[in-house]
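Novice: Listed here are the chains, written in short residue letters.
8 protein chains.
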Amino acid sequence: MDRSIELGFANIDLQRRERTGIAEVIYGAGKDADQIAEIARQMYEHGETHILITRVEGEKAAYVNRKLSEVDIISNIYDDAHIIVTGGNHKPDGIGRIAVVTGGTSDIPVAEEAARTAEFLGNEVDRIYDVGVAGLHRLMAKVDIIRNATVVIAIAGMEGALASVVGGLVSAPVIAVPTSVGYGANLGGLSALLSMINSCASGVSVVNIDNGFGAGYQASLINHTGKTEK
Amino acid sequence: MDRSIELGFANIDLQRRERTGIAEVIYGAGKDADQIAEIARQMYEHGETHILITRVEGEKAAYVNRKLSEVDIISNIYDDAHIIVTGGNHKPDGIGRIAVVTGGTSDIPVAEEAARTAEFLGNEVDRIYDVGVAGLHRLMAKVDIIRNATVVIAIAGMEGALASVVGGLVSAPVIAVPTSVGYGANLGGLSALLSMINSCASGVSVVNIDNGFGAGYQASLINHTGKTEK
Amino acid sequence: MDRSIELGFANIDLQRRERTGIAEVIYGAGKDADQIAEIARQMYEHGETHILITRVEGEKAAYVNRKLSEVDIISNIYDDAHIIVTGGNHKPDGIGRIAVVTGGTSDIPVAEEAARTAEFLGNEVDRIYDVGVAGLHRLMAKVDIIRNATVVIAIAGMEGALASVVGGLVSAPVIAVPTSVGYGANLGGLSALLSMINSCASGVSVVNIDNGFGAGYQASLINHTGKTEK
Amino acid sequence: MDRSIELGFANIDLQRRERTGIAEVIYGAGKDADQIAEIARQMYEHGETHILITRVEGEKAAYVNRKLSEVDIISNIYDDAHIIVTGGNHKPDGIGRIAVVTGGTSDIPVAEEAARTAEFLGNEVDRIYDVGVAGLHRLMAKVDIIRNATVVIAIAGMEGALASVVGGLVSAPVIAVPTSVGYGANLGGLSALLSMINSCASGVSVVNIDNGFGAGYQASLINHTGKTEK
Amino acid sequence: MDRSIELGFANIDLQRRERTGIAEVIYGAGKDADQIAEIARQMYEHGETHILITRVEGEKAAYVNRKLSEVDIISNIYDDAHIIVTGGNHKPDGIGRIAVVTGGTSDIPVAEEAARTAEFLGNEVDRIYDVGVAGLHRLMAKVDIIRNATVVIAIAGMEGALASVVGGLVSAPVIAVPTSVGYGANLGGLSALLSMINSCASGVSVVNIDNGFGAGYQASLINHTGKTEK
Amino acid sequence: MDRSIELGFANIDLQRRERTGIAEVIYGAGKDADQIAEIARQMYEHGETHILITRVEGEKAAYVNRKLSEVDIISNIYDDAHIIVTGGNHKPDGIGRIAVVTGGTSDIPVAEEAARTAEFLGNEVDRIYDVGVAGLHRLMAKVDIIRNATVVIAIAGMEGALASVVGGLVSAPVIAVPTSVGYGANLGGLSALLSMINSCASGVSVVNIDNGFGAGYQASLINHTGKTEK
Amino acid sequence: MDRSIELGFANIDLQRRERTGIAEVIYGAGKDADQIAEIARQMYEHGETHILITRVEGEKAAYVNRKLSEVDIISNIYDDAHIIVTGGNHKPDGIGRIAVVTGGTSDIPVAEEAARTAEFLGNEVDRIYDVGVAGLHRLMAKVDIIRNATVVIAIAGMEGALASVVGGLVSAPVIAVPTSVGYGANLGGLSALLSMINSCASGVSVVNIDNGFGAGYQASLINHTGKTEK
Amino acid sequence: MDRSIELGFANIDLQRRERTGIAEVIYGAGKDADQIAEIARQMYEHGETHILITRVEGEKAAYVNRKLSEVDIISNIYDDAHIIVTGGNHKPDGIGRIAVVTGGTSDIPVAEEAARTAEFLGNEVDRIYDVGVAGLHRLMAKVDIIRNATVVIAIAGMEGALASVVGGLVSAPVIAVPTSVGYGANLGGLSALLSMINSCASGVSVVNIDNGFGAGYQASLINHTGKTEK
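Protein chains in written order, with this note's numbering: chain A, 1 to 230; chain B, 1 to 230; chain C, 1 to 230; chain D, 1 to 230; chain E, 1 to 230; chain F, 1 to 230; chain G, 1 to 230; chain H, 1 to 230.
For the record, the hints were derived by calculation from the structure and aren't laboratory data. For glycine and all other residues, C-beta sits at the position ideal for the given N, C-alpha and C. Among the clues, some could well be false.
Said to hold, decoys possible - Listed next, with one range per pair, are the computed distances between beta-carbon atoms:
id: 1; chain 1: F; residue 1: Arg-17; chain 2: H; residue 2: Asp-80; range: 52 to 62 Å
id: 2; chain 1: D; residue 1: Ser-69; chain 2: F; residue 2: Glu-45; range: 41 to 51 Å
id: 3; chain 1: E; residue 1: Glu-18; chain 2: H; residue 2: Arg-17; range: 29 to 39 Å
id: 4; chain 1: D; residue 1: Glu-59; chain 2: F; residue 2: Asp-34; range: 17 to 27 Å
id: 5; chain 1: F; residue 1: Arg-17; chain 2: D; residue 2: Met-140; range: 15 to 25 Å
All chains, please: the whole structure from these sequences, using the hints.
Specialist: Below, the structure written as structure tokens:
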């Protein structure tokens, strides 16, 4: 049986939870505020109380928030992550903790998207920011926290070397996120992406440039290995 | 304390097991048969009985095999995977099973590299080959096996669409491996890589083109989440 | 005999209809509103009553519309498609129907450009939107409508996998349209383009990124195979 | 019900005919001669008498041919097209004729792959070779034959301008095939591909570099518009 | 002896005329209006009465114009060409005429930059605009004018096929100018550039994307072959 | 009237001389020796006594040469240029001389293709080889010869800087030829091509990588400006 | 012992001086004015009196300047270089002088970033601007100053030929900086970068596009060879 | 006065020593063995006793060696470096030592080219091989040797992260050499090149892919800062 809601502009996948264990996430980019609010409302009315909306910020986020409160749906805006959450995070029930590591200060918005996503999906997160490889001792000072994680998300722009260095330090899988941070020959993040894909460290896989959400999502899957309903 | 063996041409990392939980793997490409055999012998003498050698085939693999047997090290050649294993696979102790899925027949060597790597590292593997998206019913006929896995490795060349389709069908993390299979605008696998990195399905991350080893390695890490010694 | 109108800035091809069966279409991008209105007026005065203007929107479209009404030419603006039509659509006289399928909500403007173009050129169109491959059941729920078409237009951004999946499901030719929807390594639509060009499904050909018009136009030609005047 | 034959290395799609109207085609590249012969034999035993095998040539083609004749399957080798056909071509039943046009002499192998594919699938084909745009009068001398076609396949390497020029001359849909013919900045055919994708002529769509088969296949679909069983 | 004027921000090359036969041209992009005016003034004071300033438009051009008139230098602004000329054009003394041909209306600014540059340098110019290859008869209607030229400048965006078609029609050298006109896979003009560089027509050479000036300059050199002082 | 010879595999353009002033040139790459000899024979029989065949070398060139002598056509092989000429060069009747300049020793085959082509077409040529910009004084020692030319062909691989330096030294038009000489990030000549296209010197235009023929051909056109029959 | 200051958004590396001889530099892009001021203040309080802040300009630079003066830290803004310096430059103690050479006027901001960085780090700098290779005599007029330097920084956009020409003229190491100056096929500076990386001159190495700071920094290291504390 | 020897195929720059302090080096790729031997002989006869020949190996190197001994020039072949040296190395007279560091075993040929070049030019070299960032402790075990160098050459393929990590550990300038070691998305070394160009560490500059010679040459210049004759 097909269980989806057709809104004309969108086709909401209600079967997603039973198919993949997680309800549909609303990707806010390329949708206007009214569309986002309407999708969220429809999901809520069909029984999804915890909803994650990504790539919304500033005025647009505030508007969605107001729209939702008009129909009595309580939502939080996480400005730094460009994320809205309704119904709060899922209760942490992962195998271990997730470490989110960044090379620089400018990578933090992507890191927060990853961290908030993972927290929403029921994970505990450690944030280790601005520990790029040009100052290894900053990274080494935090290596115990990183090694304690069951999954590590390594986020870096420029040359993206962080992924390889972290990959060589830990026994957990590493999800690498290239960012568009940098200039010139960074090619909008493509250089970091290529760097991470060619990592000499085993155990590193890569998601799209600036895709904090994707990293947080997969990290959560990994941190629930064997636990996700099938 | 530094625990590595210096051979002049190579610097074997004996600390690797305690740092990452898995002994160093010998990447056979770019090393000659004598170098490979010598590295394996040294590792063996320093207590590594289970050794994985990748990217060796044909004459070169046979030579390494002979060299090792001369010093009483028993090794198996897996031709289809371009892999040599000494001391047999590690005992399966993963959380669940790993599914290795390919789009076509030509992707099988990469798939076998992934499958053999995962088996070496202590995992049980299901192989589902030649189920590309142009004939969805072939994939759907195997969907139960795929959904039963705790990690899925999706391997495809050409347009690499398999990763997204599989990603939308399962609740487990998907490791996507683009292959160099195809011609013309496949750009040696880069088109499939870009396709997989841009996947509209959540829970998909990507390794290098033809990197079956890397996918099998990370899949094993995931299938041992919370179990790898730290 | 040369039958074209020279306006200095443009050289209107009046012979086009007899050469290709369809009057010249006005591509609005890179022309200002006055130029567009003047070309349309000239075509109208030379006997073209049905005129299609693409890539005009908002203020510019309204201005063209007003200019045309000043010389008693009635035109409709299709905002969602960035299209203006004078004289209404041609009467539907195709062999069958055209299906326009999109992967996501953000692909809709391109889809509407394709659908409106096809309708203008005398075709009946079915719209099936937001049925991306990450939720296959949404697509499968519509497969009968899609299989009923004589031509299918498959529109998707990100990894563009929709084209291959649809290509494997139908017996009609598929025109694939990559869109610039996505971010990071989508390379402004180039990743989807490469993906579609490398499609493992037979019967798929590709037009330029975001080229809804081109897809609608070719789909119309196909839906009139053997009927177009020569 | 799943109707496919599993050979371990391949998964033959017997449902394909009813799903898409055409039996599976064997893509010979990346398969060895024994695999190809075995797939053909299995298809034949399951009732497919007309079988098309592409991308086989020289020794390999001869070997397949011998293997098939050992099990009493008669096959023809078309050397120039790198194609083997068993059971002869399907009876021509298209709406009209298909024109295959090339820019140069070196494009002929791709053109023959297209032409033989179309003939196999039940179409009559006109071949117009070596009429590149640097000598327009050669093309114009054949324009009547080209205009008489219901579909045109335009094949060119180097700058690929043929597609646009042909597209402007005819009222039929044009399938453009970039070839890898050329050198230097032709980027292995990518320059011609980009050129064709950016064609200023309406009604042109594009398949992969050197993909004569894909063009012949889609041209056949178009030439049977409204006739393919669904 | 070094004959240049140092302004700190610029180093004006007064020797250029004797070395290359033509005085330095002021490239306005990347210089502010005051810098441009000052360079022009210095050149004027050192005896250069005919000065060409490119890539200036709107407000900036008007400002330069005013600044020059304040020091009694008369200059004309050619808005359509983004060019300012002081002292009028050089007297036409070329071998023949230069034809400037464009594919579309949107290419006209680049064409005007070429045409005005050539006129400034002492050439007579024929403008043939909007005669793209998708409507060959428009081009053929003007072929006599084009064939009458001693040099042809062919300007086109999108797939840039105009260069090859024109190259095949004339006995004069053709300077091809790719433009950034187009969208999607036009890659900002790179597709047209690649197309033109790979031209199957002999006698075609290429300048940078949108470089009307460069084309007009070289065309002038060619039209003065054997006449330029050395 | 169409004046071309159809050979099935080729369509010889006999009208080319009257249209462009120069008979068709046989591009030997991608044609086998028999095809080349047959085309040459046909042209000869239709009155073309001076024939240029490019991109033939070694065994293949010798075979063509023998084949032609069998039908009493005398041809010379220029090994260094990969060129065969029948009937000798055209009598020099250019406006001035053509200078062919290379950056290094490895660029010489391309340079000879250019020089021999120009000589065939009736030009006198000066060869100035191995004067790359890393040793400017070598170039400056020859500057008088270069400045004496009416056209300069600048040929270089690696970074292709020669084109700009030469462009700044002369008053004649410069045809730049990037070569595939170099390694690593030379991208098979693409880096030199980009460098030359972006030349800061005016009066430089560019042909395809390693396209000595194209440069020689256009240089000849320029050296005959106003003289080529129309 | 780890000596770094954690600010949440940044992790200041106080050990940097003893590890690399130079205190951390604040890269202003991607940080807001408050973050920059706070980092500078913290460094100051921990004993760093000479602080370099790059990539700050206009309003943002003024704000940082005011914020610092509020806590009694005196800073100078170098507008042309987009740099702020606190505590003045380090005393010049280099082996020799550093020459900063540019191809054009538009390269000056990058040059000033390099020059100011070098001066801050204790070097004397000669500025030689707008001496591009299209007018070699301008460069040759300054060759004595350039040859007198112990390190040369060569800065150019467009085709970046300056690096090779300078590299061939001097016995000192050359740091090449490609700039994004240019248009069209300059690819945002990538063409100049490729050109410089492929330089035929020995002794040239390259930094990122527009990376004046990186060039100035490395030039200073070189000018202090054997002097930097270890 | 021009002091160069013209051999027709080559133009030997005898002035190079006085201009740049170092005699011309013979780049063996793209020259045949006889050309190389002849150039070396000519240089020797004109007083250059120490000659460096790069990119020669195996049979070709042996042939050059024999040819030189026939004219009583003694030369050594360094197989691992693909280098021939006549007259031995220059006496070490650098400021300090040069460290050559590689990520892996496969990078050694490039490293040896760098090391032998530096030794030839009068430097003492430390070799630290196979210390890639995936096993940081191997690098840290050698950090004292590396920190002791006045210049560091960091050589790595794949993701090239070594350059940034080393750059953060030392106070000396780092010359980074990307290698073509790797596969798939390593793009023949381009990924490592981009990674190194985008290095987040200051003090790193980059030479061409596999350009060990260039790195050794520049390192020598740096190690002789202030000492090279001018």
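Novice: Next, verify each hint and record whether it holds.
Specialist: These are the hints, each one checked on the structure:
Distance hint check: the CB atoms of F:Arg-17 and H:Asp-80 are about 58 Å apart, consistent with the given range 52 to 62 Å. Under the hint 41 to 51 Å, the C-beta atoms of D:Ser-69 and F:Glu-45, about 44 Å apart, fit the expected range. At roughly 34 Å, the beta carbons of E:Glu-18 and H:Arg-17 sit within the given window of 29 to 39 Å. Range check, D:Glu-59 to F:Asp-34: Cβ separation about 22 Å, and the 17 to 27 Å hint holds.
Range check, F:Arg-17 to D:Met-140: Cβ separation about 18 Å, and the 15 to 25 Å hint holds.
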